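Participant: The lines below spell out each chain.
Protein chains: 2
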Amino acid sequence: MVYIAKPQGNRRMPQTSRAPVTAALLVIGDEILSGRTKDKNIGYIAEYLTGIGIDLREVRVVPDVAEEIVGAIDALRAKHDYLFTTGGIGPTHDDITADCVAQALGVGISQDERAVAMLRERFPNPADLNESRLRMARIPHGAALIDNPISRAPGFMVGNVITMAGVPSIMQAMLDDVAPKLRTGTKMLSVSVDTGGLPEGAYGGALGDVQKAHPETMIGSYPNFDGQRFRNQIVVRARHEEPLGAAVRDVEAMLSTLHAEKKA
Amino acid sequence: MVYIAKPQGNRRMPQTSRAPVTAALLVIGDEILSGRTKDKNIGYIAEYLTGIGIDLREVRVVPDVAEEIVGAIDALRAKHDYLFTTGGIGPTHDDITADCVAQALGVGISQDERAVAMLRERFPNPADLNESRLRMARIPHGAALIDNPISRAPGFMVGNVITMAGVPSIMQAMLDDVAPKLRTGTKMLSVSVDTGGLPEGAYGGALGDVQKAHPETMIGSYPNFDGQRFRNQIVVRARHEEPLGAAVRDVEAMLSTLHAEKKA
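These protein sequence lines are chains A and B, in that order. Each residue of the first sequence is one higher than the one before, starting from 12 at the first, in my numbering. Each residue of the second sequence is one higher than the one before, starting from 12 at the first, in my numbering.
No lab work stands behind these hints: they were computed from the structure. From a predicted model like this one, the values you see are computed outputs, not experimental measurements. Among the hints, erroneous ones may be present.
Straight-line distance between alpha carbons at most 27 Å, and here's what the computed BS3-like set of lysine-lysine pairs gives [what the hints assert, rightly or not]:
| hint | chain 1 | residue 1 | chain 2 | residue 2 |
| --- | --- | --- | --- | --- |
| 1 | B | Lys49 | A | Lys49 |
| 2 | A | Lys51 | B | Lys49 |
| 3 | A | Lys51 | B | Lys223 |
| 4 | B | Lys51 | A | Lys49 |
| 5 | B | Lys198 | A | Lys49 |
| 6 | B | Lys223 | B | Lys273 |
| 7 | A | Lys223 | A | Lys192 |
| 8 | B | Lys198 | A | Lys51 |
| 9 | A | Lys192 | A | Lys90 |
| 10 | B | Lys49 | A | Lys90 |
| 11 | B | Lys192 | B | Lys90 |
| 12 | A | Lys198 | B | Lys49 |
| 13 | B | Lys51 | B | Lys223 |
| 14 | B | Lys198 | A | Lys90 |
| 15 | A | Lys49 | B | Lys90 |
| 16 | A | Lys51 | A | Lys192 |
| 17 | A | Lys223 | A | Lys273 |
| 18 | A | Lys198 | A | Lys90 |
| 19 | B | Lys223 | B | Lys198 |
Over 10 Å on every C-beta distance to chain B, these chain A residues come out as not near it, computed from the model [stated by the list, open to error]:
| hint | residue |
| --- | --- |
| 20 | Asp85 |
| 21 | Arg149 |
| 22 | Arg260 |
From the three backbone atoms N, C-alpha and C, an ideal C-beta is built for every residue, glycine too.
Next comes chain A alone, as it looks inside the complex (with noise of 0.2 Å):
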């Protein structure tokens, strides 16, 4: 077998099923738009949901401009059960994500006294908590706050929109304080089966046939091209282990049938 079976993610959790939990992630900024600063938050913030049961269904990238961030969360926050956004919670004029966020929720917006007491942690000389640092502080009428390890200026919560920092260390620590508290769903299993070199146009067909055939699963196809050749993962993903491991053997026994018909 020139191909490895890799399970992923906790297999020997119970077989109980609870509803899927969705989310969508919308990343504020001009500076991811025009390139200049690279996006790491996507990346991890997926793969974080998805271990913990989480699934995320959507994301969007919009600049610092009030309506378009409006429009974004009151079109995700309707579909999913949360929605998470990163950037623009800052102290300089281009941070106006928590306006934009109680402007889509319909609430008011002031000061709140628990997350000045956050920053005076960090600038105790009360010189240095000026007005700039105290928009820091303007949070939306009713939302938790999350904590901030590292500058304490927090996140918070309001409804099903998590709003946290776009710096990623900061983004990370606030993504561990608010992640127990959330709703989760039975996680989503995932086996990944190297194809053994075969490339996606010699299985493709048998795939599809496989995938019909395991209608609860989600089998993918992901090429990867090292600039000489290509070297495909199948990826089979599934919310329970029976469904899973029927459908990984048989992608296993086609591609031992075609790796079989290659040698003849």
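Got chain A; can you put chain B on it based on the hints?
Facilitator: Just chain B, lined up with the frame of chain A:
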């Protein structure tokens, strides 16, 4: 002076203005949303389009689900001059982008003889050009093909929708092929000013005043956290050198004043 002004892009261009040309990007693929594959195309395309005078205004990532893809194509192509898509044009059952583009645009789709001829260059043996590989020659009617020098299976442009591969090296080659055929606008010029260690909270208020005084520019502040401390850049953007230079001078003067006050 501890901060530097770094010119980016070609600042020697003529001052004649062309109308802005805008674009959206639709990234298609379950593997990005599960976190299994980390997208490398968004940042590349953002930087590339900025460099040729096309403003990337929105990005969406959607799963391999026809109604999600069609819905996003509909929304984005109506809103922008161009819509770029990446992913979902390979030979397997989960590659449904071409059909979704045809559906969204209300045009037919069938096997394209120009695309078949390209695939024959890679698969000269007729037995190798099987049904699965011929899926890659399914092209929406009326499309212009986009060359794929790496694995031959083409991308295409139909209406204002530009459909490219998801594999980064192939996508990049396709972008090189299609870009010279696109309408472009006056390039966005950009200058980054390092704040010389000044934190955002120290200059946030003053920077907002600079932005107000220079409405033809867009001024952003971008914190970088290296695990120890913040290192910030102020980025001024404009389509013409004169307003750009004026705003940059004011940003530099503001930082000089704040540095002097700090020393005093």
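Participant: All hints, please: hold or fail.
Facilitator: Structure-based check of all given hints:
For the proposed pair Lys49 of chain B and Lys49 of chain A, the alpha carbon gap of about 12 Å is at most 27 Å, so the pair holds. Among the hinted pairs, Lys51 of chain A with Lys49 of chain B is consistent with the structure: their alpha-carbon atoms are about 9 Å apart, no more than 27 Å. For a cut-off of 27 Å, the pair hint linking Lys51 of chain A to Lys223 of chain B is broken: about 31 Å separates their Cα positions. As the CA atoms of Lys51 of chain B and Lys49 of chain A are separated by approximately 9 Å, the hinted pair is consistent with the 27 Å bound.
Proposed proximity of Lys198 of chain B and Lys49 of chain A is supported: the alpha carbons are some 20 Å apart, at most 27 Å. Taking the CA atoms of Lys223 of chain B and Lys273 of chain B, the gap is about 24 Å. The hint holds against a cut of 27 Å. Under the criterion of a C-alpha separation no larger than 27 Å, the hint pairing Lys223 of chain A with Lys192 of chain A is inconsistent with the structure, at around 37 Å. A distance of roughly 26 Å separates the Cα atoms of Lys198 of chain B and Lys51 of chain A; the hinted pair therefore holds under the 27 Å criterion.
Of the supplied pair hints, the one linking Lys192 of chain A and Lys90 of chain A holds, its CA atoms being roughly 20 Å apart against a limit of 27 Å. Taken as a hint, the Lys49 of chain B and Lys90 of chain A pair is honoured in the structure, with Cα atoms around 24 Å apart against an allowance of 27 Å. For the given pair, Lys192 of chain B sits about 20 Å from Lys90 of chain B by alpha-carbon distance, which is consistent with the 27 Å threshold. Pair hint Lys198 of chain A plus Lys49 of chain B holds up; C-alpha atoms about 20 Å apart against a cutoff of 27 Å.
For the hint pairing Lys51 of chain B with Lys223 of chain B, the CA-to-CA distance comes to about 35 Å; that exceeds 27 Å, so the pair is violated. As the CA atoms of Lys198 of chain B and Lys90 of chain A are separated by approximately 36 Å, the hinted pair breaks the 27 Å bound. The straight-line distance between the Cα atoms of Lys49 of chain A and Lys90 of chain B is roughly 24 Å, inside the 27 Å bound, and the hint therefore holds. Simply put, Lys51 of chain A and Lys192 of chain A have alpha-carbon atoms about 24 Å apart, close enough for the 27 Å limit, and the pair holds.
Under the criterion of a C-alpha separation no larger than 27 Å, the hint pairing Lys223 of chain A with Lys273 of chain A is consistent with the structure, at around 24 Å. Taking the CA atoms of Lys198 of chain A and Lys90 of chain A, the gap is about 20 Å. The hint holds against a cut of 27 Å. For the hint pairing Lys223 of chain B with Lys198 of chain B, the CA-to-CA distance comes to about 22 Å; that is within 27 Å, so the pair holds. The claim that Asp85 of chain A is not at the interface with chain B holds, since no C-beta of that chain comes within 10 Å of its own (minimum 14 Å).
Annotated as non-interface, Arg149 of chain A keeps its C-beta farther than 10 Å from every C-beta of chain B; the closest such distance is 13 Å. At roughly 18 Å, the least C-beta separation between Arg260 of chain A and chain B is larger than 10 Å, which holds for a residue marked as non-interface.
Comparing the model with each earlier hint shows violations of hints 3, 7, 13 and 14; every other hint is respected.
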